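Those sequence lines, one after another, are chains R and F. The opening residue of the first sequence carries number 1 in my numbering; numbering runs sequentially from there. The opening residue of the second sequence carries number 1 in my numbering; numbering runs sequentially from there.
The hints are simulated quantities; they were obtained by calculation from the structure and are not laboratory data. Since the model is a prediction, treat every value here as computed from it, not as a measurement. Glycine is no exception: its CB is placed at the ideal position from the N, C-alpha and C atoms. Incorrect hints may appear among the rest.
Stated by the list, open to error - Think about it this way: if two alpha-carbon atoms lie no more than 25 Å apart in a straight line, the pair counts; the simulated DSS-like pairs of lysine-lysine are:
1) Lys127/R / Lys56/F
2) Lys56/F / Lys182/R
3) Lys182/R / Lys39/F
4) Lys56/F / Lys153/R
5) Lys39/F / Lys158/R
6) Lys127/R / Lys13/F
7) Lys13/F / Lys151/R
8) Lys56/F / Lys98/R
9) Lys173/R / Lys39/F
10) Lys158/R / Lys98/R
Stated by the list, open to error - To give a feel for the contact side, a few chain R residues facing chain F, derived at Cβ under 8 Å:
11) Tyr149
12) Leu150
13) Thr168
14) Ser176
The primary structure of each chain is shown beneath.
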Amino acid sequence: METGRLSSNIFPLPCLARPRNLTFSHFFHCRSSKSQRHLNNPSGYRQPPLSSPRLPRRACHLRRNRFLGSLFLYLLRKIQGFGSCDGRVCFWCRSPGKNIIDAADEVAKEEGSVLERFVFSTLPGFKEQSKGKYTYAYHFDSKAVITEYLKEKELWEKSSLLNMGFYTDNMIKYGSITGAAKVRISVFPLGSIADE
Amino acid sequence: MEGGVYILSKPGKNEALHPFVVPADTGLFVGLLVRSPPKQNLLGVSEMANYIEYMKIWSEVTGVPSEVREISVQEADEASPGGIGREAAESTATSAEFGWG
């Protein structure tokens with residue numbers, strides 16, 4: 001997602017720089033174009049939007065569509081903001097999985113396709129499995145969402161699912177995240193304390 | 001480390017069985033699925049074990065004594081803040097209490 005480009009497109013209307021004049025009438029009651037404004041208002045003073053001359057019908061639609069487009073992008077960015085991959089919510093992390101499914105589905109659809117079996121590494125949705133008690137197992141829940149997406153595809157006819165249990169090397173790879181700690185017991189005259 | 005001890009703190013009962021899988025076994029499971037009819041849903045397990053057995057093997061291999069402690073999800077969250085600790089803890093807790101379906 002190109003956040004930079006999106007944000008520069010959000011409300012590309014010049015009135016954003018003048019919040020005093022930012023009213024809905026700016027968008028739905030079309031204002032004059034720059035050249036028209038010059039012709040109708042040679043003094044150069046900006047007129048209130050409601051009293052400004054209307055544009056032809058077609059230009060009015062363009063202006064309104066531009067507003068709705070901006071609104072859509074704005075909402076999209078808001079949603080994206082909520083779903084940032086900070087370990088808590090991983091909304092957009094599902095899209096790489098769906099892209100894999102889409103790519104494989106294209107191959108499966110080809111005439112005389114060489115694809116015989118698509119094996120997808122998945123996990124059960126633990127939110128459902130725990131009947132809503134645990135909702136933070138996003139690693140599991142995201143995989144379950146992607147699997148549902150796979151089942152809607154033609155590709156599913158050639159697919160199988162593999163759930164891998166807990167990797168035995170998780171403790172080496174992730175250490176303290178899995179709750180592992182190596183404790184050194186130092187003996188002091190007053191007794192033993194645990195550190196590190 | 002001399003005089004050290006490994007402590008594994010995790011939610012769920014110590015006796016709860018979990019499906020452990022050795023990453024190198026992946027090919028075996030995929031091979032099985034490739035030779036089977038489609039639409040299978042396989043749980044790949046190298047060995048079902050509880051964390052006491054798991055840490056016993058760990059100690060045998062490393063020569064360092066170990067201990068398994070039961071903690072709450074909240075304690076795990078506080079130990080590794082930011083959500084990742086809670087995610088790992090809830091995964092283990094779900095496995096211990098509800099199984100894999």
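In rising order, the numbers of the hints this structure does not comply with | Per hint list: 1, 3, 4, 7, 8, 9, 11, 12 violated.
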